[in-house]
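Colleague: Now for the letters of each chain:
2 protein chains.
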Amino acid sequence: MPEPTPAVTAAVLVIGDEILSGRTKDKNIGSIAERLTAIGIDLREVRVVPDVTEEIVASVNALRARYTYLFTTGGIGPTHDDITADSIAAAFGVGIGIDERARAMLLERHRPEDLNAARLRMARIPDGADLIPNPVSKAPGFSIGNVFVMAGVPQIMNAMLDAILPGLSQGVPVLSETIEAGKLPEGAFAGGLATIAAAHGSVSIGSYPSMTQEGFANRIVVRGREAEAVAAARAEIEALLAGLLR
Amino acid sequence: MPEPTPAVTAAVLVIGDEILSGRTKDKNIGSIAERLTAIGIDLREVRVVPDVTEEIVASVNALRARYTYLFTTGGIGPTHDDITADSIAAAFGVGIGIDERARAMLLERHRPEDLNAARLRMARIPDGADLIPNPVSKAPGFSIGNVFVMAGVPQIMNAMLDAILPGLSQGVPVLSETIEAGKLPEGAFAGGLATIAAAHGSVSIGSYPSMTQEGFANRIVVRGREAEAVAAARAEIEALLAGLLR
Numbered sequence: 001m002p003e004p005t006p007a008v009t010a011a012v013l014v015i016g017d018e019i020l021s022g023r024t025k026d027k028n029i030g031s032i033a034e035r036l037t038a039i040g041i042d043l044r045e046v047r048v049v050p051d052v053t054e055e056i057v058a059s060v061n062a063l064r065a066r067y068t069y070l071f072t073t074g075g076i077g078p079t080h081d082d083i084t085a086d087s088i089a090a091a092f093g094v095g096i097g098i099d100e101r102a103r104a105m106l107l108e109r110h111r112p113e114d115l116n117a118a119r120l121r122m123a124r125i126p127d128g129a130d131l132i133p134n135p136v137s138k139a140p141g142f143s144i145g146n147v148f149v150m151a152g153v154p155q156i157m158n159a160m161l162d163a164i165l166p167g168l169s170q171g172v173p174v175l176s177e178t179i180e181a182g183k184l185p186e187g188a189f190a191g192g193l194a195t196i197a198a199a200h201g202s203v204s205i206g207s208y209p210s211m212t213q214e215g216f217a218n219r220i221v222v223r224g225r226e227a228e229a230v231a232a233a234r235a236e237i238e239a240l241l242a243g244l245l246r
Numbered sequence: 001m002p003e004p005t006p007a008v009t010a011a012v013l014v015i016g017d018e019i020l021s022g023r024t025k026d027k028n029i030g031s032i033a034e035r036l037t038a039i040g041i042d043l044r045e046v047r048v049v050p051d052v053t054e055e056i057v058a059s060v061n062a063l064r065a066r067y068t069y070l071f072t073t074g075g076i077g078p079t080h081d082d083i084t085a086d087s088i089a090a091a092f093g094v095g096i097g098i099d100e101r102a103r104a105m106l107l108e109r110h111r112p113e114d115l116n117a118a119r120l121r122m123a124r125i126p127d128g129a130d131l132i133p134n135p136v137s138k139a140p141g142f143s144i145g146n147v148f149v150m151a152g153v154p155q156i157m158n159a160m161l162d163a164i165l166p167g168l169s170q171g172v173p174v175l176s177e178t179i180e181a182g183k184l185p186e187g188a189f190a191g192g193l194a195t196i197a198a199a200h201g202s203v204s205i206g207s208y209p210s211m212t213q214e215g216f217a218n219r220i221v222v223r224g225r226e227a228e229a230v231a232a233a234r235a236e237i238e239a240l241l242a243g244l245l246r
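As they're listed, the protein sequences go chains X and S.
Here full-length UniProt numbering is used: the first residue of the first sequence is 1, the next is one more, and so on.
Here full-length UniProt numbering is used: the first residue of the second sequence is 1, the next is one more, and so on.
Just so you know, these hints were derived from the structure itself, not from any lab.
Treat the hints with care, as some may be off.
Put simply, identical chains are the same to the list, so a pair is met inside one copy or across any two.
[Unchecked claim] Derived pair list, reagent style DSBU-like, types lysine-lysine, alpha-carbon separation capped at 35 Å:
hint: 1; residue 1: Lys25; residue 2: Lys183
hint: 2; residue 1: Lys183; residue 2: Lys138
hint: 3; residue 1: Lys27; residue 2: Lys183
hint: 4; residue 1: Lys138; residue 2: Lys27
hint: 5; residue 1: Lys25; residue 2: Lys138
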């Protein structure tokens with residue numbers, strides 16, 4: 001794949017046993033991918049890890065070192081299995097304690113007498129972190145360094161992204177053109193497509209089969225940051241397919 | 001999380017730019033997770049990487065060394081962006097070439113005169129690999145060492161898993177009990193739940209909020225391999241919730 005310069009890159013770390021057991025089906029990866037792509041940030045890697053401190057710490061440190069941004073989802077609730085905040089503090093080697101700003105946010109939802117030890121866990125924030133507001137249920141996420149720590153519930157995760165994205169370095173958005181190849185089999189156009197791909201170094205060309213009730217359907221996607229190059233590749237692909245259908 | 005012994009563990013590697021761009025929403029992670037869990041294999045990690053050889057090689061080698069099994073999805077079609085088979089060969093340091101068994105499978109679907117260079121790419125199999133049959137569109141997956149290489153189209157991936165799973169070492173299945181906490185907030189039961197979790201080392205207890213049209217709903221899941229321990233933890237959790245509702 002051609003490398004845009006300077007690229008703004010990202011990784012996602014999904015934290016949670018419930019995704020790995022299959023009990024909960026992740027919906028956040030796809031949403032984050034779409035939203036980052038739309039503002040020109042290249043999502044380069046995703047990992048899903050269990051609720052195990054050492055696994056979270058190792059992945060956070062590997063991914064935050066490698067990409068411009070790291071987004072995590074899950075594990076910031078009030079129960080004993082919510083260990084993300086402590087794991088992030090451990091990854092950064094900083095302390096963690098009750099954050100008064102976070103406590104104030106929780107008090108927008110809970111009466112003081114209901115702010116028990118468990119709920120106060122949601123105000124435990126690593127030292128030096130900034131808070132990410134949660135308009136849905138108040139308990140905040142946080143950012144520290146280039147790491148953004150978000151809730152796992154999709155509605156809350158998306159509300160947190162609403163607050164985060166405007167503040168990020170944005171890249172040049174990728175233009176994406178889809179060419180429907182329909183029932184034309186991949187094996188028929190693959191040779192020509194490889195030639196076109198080789199001739200257009202600044203675009204990436206992918207072929208994506210899917211199964212429909214009528215059998216396979218193929219789609220070709222041209223992606224790139226230079227409009228002329230994308231348009232030129234698209235025109236050549238359309239000519240290739242037209243020639244095969246003739 | 002308590003560690004069963006001996007555990008049979010697994011990782012999944014999803015290969016494909018289209019997942020990272022958000023254009024295609026992955027459905028395979030959830031299916032594989034469910035099917036492995038059902039036969040007692042613990043899915044411990046998932047990664048999604050782009051169509052870049054070095055990324056695939058690095059992830060394959062990290063994950064196959066660490067877990068009993070590694071399952072990959074995507075990148076085994078006929079087009080230029082399908083680089084999984086070559087990347088797996090590189091990861092294992094073995095050669096790759098046209099496999100006559102794979103060619104014979106392709107000939108079940110294609111006339112000899114239609115088996116062009118692109119389609120023959122789907123018969124390129126790393127040296128020493130076994131084939132995984134593909135009842136849907138014939139082009140096989142393959143296994144080498146503890147790595148199982150499958151298609152990305154969900155219907156084909158699942159058909160390949162049908163062929164793979166009976167041959168694997170299976171673990172003791174995890175028993176999973178779900179207790180509906182309904183609208184009872186996590187913050188109300190989190191303290192008691194932590195005490196119960198600490199007293200039952202052989203089970204893992206998770207609390208999973210979701211948003212419904214009526215607001216938050218919470219579910220508590222108890223997982224473990226010992227029926228008595230799971231039942232005991234469940235009973236204590238039910239008593240905890242009943243006490244809070246009283």
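Colleague: Hints first: check each against the structure and report whether it holds.
Modeller: Checked hints:
1. Lys25 / Lys183: both (31 Å within a copy, 21 Å between copies)
2. Lys183 / Lys138: Classified as between; 17 Å across copies, 49 Å inside a copy.
3. Lys27 / Lys183: Answer is both; intra-copy 29 Å and inter-copy 23 Å each pass.
4. Lys138 / Lys27: both (21 Å within a copy, 31 Å between copies)
5. Lys25 / Lys138: both (24 Å within a copy, 29 Å between copies)
Going down the numbered hints, you'll see the structure goes against none, and every one checks out.
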